[in-house]
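Trainee: Spelled out, the chains give:
There are 2 protein chains.
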Amino acid sequence: MSYHRNPWKILDQEMIYENPWISVTEFQVLNPSGGKGIYGKVHFKHTAVGIIPLDREFNIYLVGQYRFPLNRFSWEIPEGGGNAEEEPLIAAKRELLEETGLVAGNWTRLFDMHLSNSVSDESAIIYLARELELHTAMPDETESLTLKKMSFDEAVGMLESGVITDSMSIAAIQHVQLLLLQGKLKN
Amino acid sequence: MSYHRNPWKILDQEMIYENPWISVTEFQVLNPSGGKGIYGKVHFKHTAVGIIPLDREFNIYLVGQYRFPLNRFSWEIPEGGGNAEEEPLIAAKRELLEETGLVAGNWTRLFDMHLSNSVSDESAIIYLARELELHTAMPDETESLTLKKMSFDEAVGMLESGVITDSMSIAAIQHVQLLLLQGKLKN
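Just so you know, the sequences run in chain order A and B.
Here the working numbering is used: the first residue of the first sequence is 82, the next is one more, and so on.
Here the working numbering is used: the first residue of the second sequence is 82, the next is one more, and so on.
The shape of chain A in the complex, shown without the other chains (with noise of 0.2 Å):
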């Protein structure tokens, strides 16, 4: 289908910055109308990966940080970073395990989803984590995670409270409200 071929052409491109988790590259392109102009365009090197501890009694865990690039503290489901070469739900349980201290017995990939695509291709997979065992959370040294665990219902209040503003736990939280709503998840 014709919409499916790239109506945009680069001309030129430089890159600007590069560190271990991004690096920024400025494009001179002609835009879909064949008009120059510039396009800034971030890439992420690694997948996220977001996770939802669901227990049998339909508690979640979620993790509170202080997110530097918002300066703001920020609610949100366990979330990082997977390696190059990892597999995402790899990455996903060690993250879960370092964040909260779980070992989850049952991993169903929820959905996956590009976060910020007019700038970027950061894009995250979620999980649903079930079967839950407690072990001792190994939170990275970059990191100063305040754990909380708290029934679902409650997680859906912040959502609708507006206090969970993070891209990936409001529509994990909202996912798991649907499978809950159409009953299609067992205790």
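Wrong hints could be hidden among the right ones.
Just so you know, same-sequence chains aren't split out, so a pair can sit in one copy or run between any two.
[What the hints assert, rightly or not] Taking lysine-lysine and the DSS-like style, the derived pairs with C-alpha atoms no more than 30 Å apart in a straight line are:
1) K90 / K126
2) K265 / K90
3) K174 / K267
Bear in mind the hints are in silico, worked out from the structure with no lab data behind them.
Use these hints to put chain B onto chain A, whose structure you have.
Mentor: Only chain B this time, still in chain A's reference frame:
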């Protein structure tokens, strides 16, 4: 509460890149554990707006476009960026008209979200637009859009089958799906 204190210390900072939409700054930091490191932050100059246009028969309008940063085509709710001093609702009305030709008589701000908070401060506001009247679409010259009217259920199917991957679209459609299941939306 202690977790509201910013545990990151900024030692130095340098703006690396700027264009009309974003700027990229590298910060020399002490992380929450006191270790030295860097943080590359992408600042967004505009707040994004996303609009779910839902008519009396529960049809919605999606726009398809080739997303340059993803190098792929993406089906999404109408979205755009607000200008700096502009009310987000004004931006939402303009973007809806430009991309779909629709004028809505009733607007509800559903929720706010941060799209990619590990690297950027990008924020978005999601609106529900009802009492729709079809005028003439006036797409921006940098956009090449395909407009599609479909039943809300069909859009939910595109989400469940993984066709829709855009974070704002996923969260917005799931939000409306929850409102419909809970009987909170009328024709």
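Trainee: Look at each hint and say if it fits the structure.
Mentor: Hints and how they fare:
1. In this homomeric assembly, K90 and K126 come within 30 Å of each other (Cα to Cα) both inside a single copy, at 24 Å, and across copies, at 25 Å.
2. In this assembly of identical chains, the alpha carbons of K265 and K90 never lie at most 30 Å apart, being 45 Å within a copy and 45 Å across copies at closest.
3. For a Cα distance limit of 30 Å, the shortest separation of K174 from K267 inside one copy, 22 Å, qualifies, whereas the shortest one across copies, 42 Å, does not.
Hint 2 alone, counting from the list given before, is not met by this structure.
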